[in-house]
Amino acid sequence: MAITPTYAYANAVFTPKHNSLVKPAPTQTLRVSVPPALAAMVAQSAFAGKYLYDGLSGEDKARVAIINAFTNSTAKFLDEYQIIRIVGFGSNGVVLAARNSRGDGVAVKIVYKEKVSTKVARSPSEIEVLQHLSEEPSEYLLNMAEHWEDAYHHYLVTDLFGSDWFQSTDAVSESMKPLVFKTRDSTRTQVHEYLFSAGSSDLWSWQHAHRSFMVASEGHGLLPLEPVRQLVKQAGLGLQSMHSRGFYHGDVKVENILVQSGLRAKMADFGHSKHASLGIAHYGTAELQGPEFMADTPFAQGHVDGRASDVFALGMVLYMLLSEDGRLPKTVYDSNAGYESLLASAAGCYPFDAIADVDSSDQVWSLLNGMCRVDPAQRLTIDQVLSHPWFA
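For this note's numbering, add 10 to where a residue sits in the sequence shown, where the first one is 1.
Treat the hints as calculated values from the structure; they're not laboratory data. Because the structure is a prediction, the values reported are computed rather than measured. One or more of the hints may lead you astray.
Computed cross-link-like contacts, SDA-like style, restricted to lysine to any residue with a CA-CA straight-line distance of at most 25 Å [claimed, not checked]: (1) K192 <-> Q177; (2) K284 <-> L273; (3) K129 <-> G65; (4) K192 <-> G115; (5) K86 <-> R112; (6) K125 <-> P46; (7) K86 <-> H157; (8) K125 <-> N102; (9) K129 <-> S207; (10) K123 <-> Q177; (11) K192 <-> E265; (12) K123 <-> S207; (13) K86 <-> I137; (14) K187 <-> G65; (15) K243 <-> E265; (16) K284 <-> K86; (17) K125 <-> L48; (18) K243 <-> K123; (19) K123 <-> F80; (20) K340 <-> A364; (21) K86 <-> H142; (22) K284 <-> E124; (23) K192 <-> R41; (24) K340 <-> S376; (25) K60 <-> D70; (26) K86 <-> H202; (27) K86 <-> F57; (28) K123 <-> R95; (29) K86 <-> S135; (30) K123 <-> P134; (31) K340 <-> T307; (32) K187 <-> Q177; (33) K60 <-> E124; (34) K60 <-> P134; (35) K123 <-> W158; (36) K129 <-> S101; (37) K340 <-> S222.
The whole structure should be built from the sequences, with the hints applied where relevant.
Here it is, written out as structure tokens:
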């Protein structure tokens, strides 16, 4: 059933233009009631020609986007998917936990368009990559179930995966206020209230919660070795699935690895993923990028295989998990470090700081040095990483 959305706020009514991507026959009006401050932001986002959500904070973008999603993809959000909560957001999108019509848990990612447009747009690379990867699903990657678009957003439905690692810890600040609004059509009135969080199902949250426990119980922040080994291996298996089909992830970090109870992990967030034949000009997160992206790099822009950059970043993730405080090596923050100087030091190995309780002869150093060679051509491939004795 097609529905024309109407906002009700501050004693006024605003009806956005129909999305011409789908040309429904108008049948009834959906009224969405929101607080005045939020309604003003929603109204501003409706003007075509300006950059969508320009000037809004990440949290405000997420709030406005959810209102726009209900009004522009009404059938999806009122009938096909039951939204449960908001599990995370960033500068380019927001992720919702939901149930589909069969009652299965799913994640609905709302990806913001650059501008409001009723023209059919090319799907973001994240969706294109997931379309390819989901043809042969991997248990170590989020798999796509559906995608669509409207004038404001692209929508991506994937597995719902990950546990809330902050449920039993006081390590996080007070939660943001829930998003509350009301929808009403000719047959029903619904009050929607969704709890807001910045995400607590990723590897960062897992390690933070477990370090807090270790500090309280043991007096140190070192993580148990075996869980680290298992989680990094599963992240590596996710990358192997991508790399074997010619794709790189492009932003491997603890925030993009989801962790579920039972020590299960999946790679997530494919917004920087592309086919390796296209090269990679920069890595998604600067702190985890390899030396090949430094200012004095000998590599022409885009002439690096992103799969080698993924291996470097995964090595940095492993180092962070092994270190007592979860920090990256000091060299990452050294403004004087460059590609050539790093290549000349330590026989081309990245200069890691020592790790407490990890002997210099431990096999993990052989693994870290192989994953984080300065020259990307000399690094281990993901297949070689996974066959390393440390993972045996």
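Do the hints match the structure? See the list:
Restraint check: the Cα-Cα separation between K192 and Q177 comes to about 28 Å, which exceeds 25 Å; the hinted pair is violated. Annotation: proposed proximity of K284 to L273 is violated, straight-line Cα distance about 28 Å (limit 25 Å). Of the pairs offered as hints, the one joining K129 and G65 holds, with about 24 Å between alpha carbons and a cut-off of 25 Å not exceeded. Restraint check for K192 and G115: satisfied, since their Cα atoms lie roughly 23 Å apart, inside the 25 Å limit.
For the hint linking K86 to R112, the alpha-carbon distance of about 14 Å falls within 25 Å, and the restraint holds. Simply put, K125 and P46 have alpha-carbon atoms about 23 Å apart, close enough for the 25 Å limit, and the pair holds. Restraint check for K86 and H157: the C-alpha separation of about 11 Å stays at or below 25 Å, so the hint holds. Between K125 and N102, the direct Cα distance comes to roughly 12 Å. Compliance with the 25 Å bound is thereby established for this hinted pair.
Our distance criterion of 25 Å between C-alpha atoms is broken by K129 and S207, whose separation comes to about 33 Å. A distance of roughly 33 Å separates the Cα atoms of K123 and Q177; the hinted pair therefore is violated under the 25 Å criterion. Of the supplied pair hints, the one linking K192 and E265 is violated, its CA atoms being roughly 32 Å apart against a limit of 25 Å. Straight-line distance between C-alpha atoms of K123 and S207 comes to about 22 Å, which keeps the hinted pair within the 25 Å bound.
Between the alpha carbons of K86 and I137 the distance comes to roughly 18 Å, so the proposed pair stays at or under 25 Å and holds. The straight-line distance between the Cα atoms of K187 and G65 is roughly 20 Å, inside the 25 Å bound, and the hint therefore holds. Restraint check for K243 and E265: the C-alpha separation of about 16 Å stays at or below 25 Å, so the hint holds. Taking the CA atoms of K284 and K86, the gap is near 28 Å; set against the 25 Å cutoff, the hint is violated.
At roughly 19 Å between alpha-carbon atoms, K125 and L48 fall within 25 Å of each other, so this suggested pair holds. Only pairs whose Cα atoms come within 25 Å are accepted, and K243 paired with K123 is rejected, the gap being roughly 35 Å. Only pairs whose Cα atoms come within 25 Å are accepted, and K123 paired with F80 is accepted, the gap being roughly 16 Å. Of the supplied pair hints, the one linking K340 and A364 holds, its CA atoms being roughly 11 Å apart against a limit of 25 Å.
Pair hint K86 plus H142 holds up; C-alpha atoms about 24 Å apart against a cutoff of 25 Å. Distance check on the hinted pair: K284 and E124 sit about 19 Å apart at the alpha-carbon level, within 25 Å; holds. Taking the CA atoms of K192 and R41, the gap is near 8 Å; set against the 25 Å cutoff, the hint holds. For the suggested pair K340 and S376, the alpha carbons sit about 20 Å apart, so the restraint of at most 25 Å is met.
The hinted pair formed by K60 and D70 meets the criterion: a straight-line CA distance of about 17 Å does not exceed 25 Å. A hinted pair counts as satisfied when its Cα atoms are at most 25 Å apart, and K86 with H202 qualifies at roughly 15 Å. This hinted pair checks out: K86 and F57 have alpha carbons roughly 23 Å apart, not beyond 25 Å. Among the hinted pairs, K123 with R95 is consistent with the structure: their alpha-carbon atoms are about 22 Å apart, no more than 25 Å.
Restraint check: the Cα-Cα separation between K86 and S135 comes to about 23 Å, which is no more than 25 Å; the hinted pair holds. This hinted pair checks out: K123 and P134 have alpha carbons roughly 9 Å apart, not beyond 25 Å. Between K340 and T307 the CA atoms are separated by roughly 20 Å; this keeps the pair inside 25 Å, and the hint holds. Distance hint between K187 and Q177 is fulfilled; the C-alpha atoms sit about 17 Å from each other, no more than 25 Å.
A hinted pair counts as satisfied when its Cα atoms are at most 25 Å apart, and K60 with E124 qualifies at roughly 9 Å. Between K60 and P134 the CA atoms are separated by roughly 19 Å; this keeps the pair inside 25 Å, and the hint holds. With a CA separation close to 12 Å, the supplied pair K123 and W158 stays within the 25 Å bound. Distance restraint check for K129 and S101: the Cα-Cα separation of roughly 23 Å lies within the 25 Å cut-off, and the hinted pair is therefore satisfied.
Taking the CA atoms of K340 and S222, the gap is about 23 Å. The hint holds against a cut of 25 Å.
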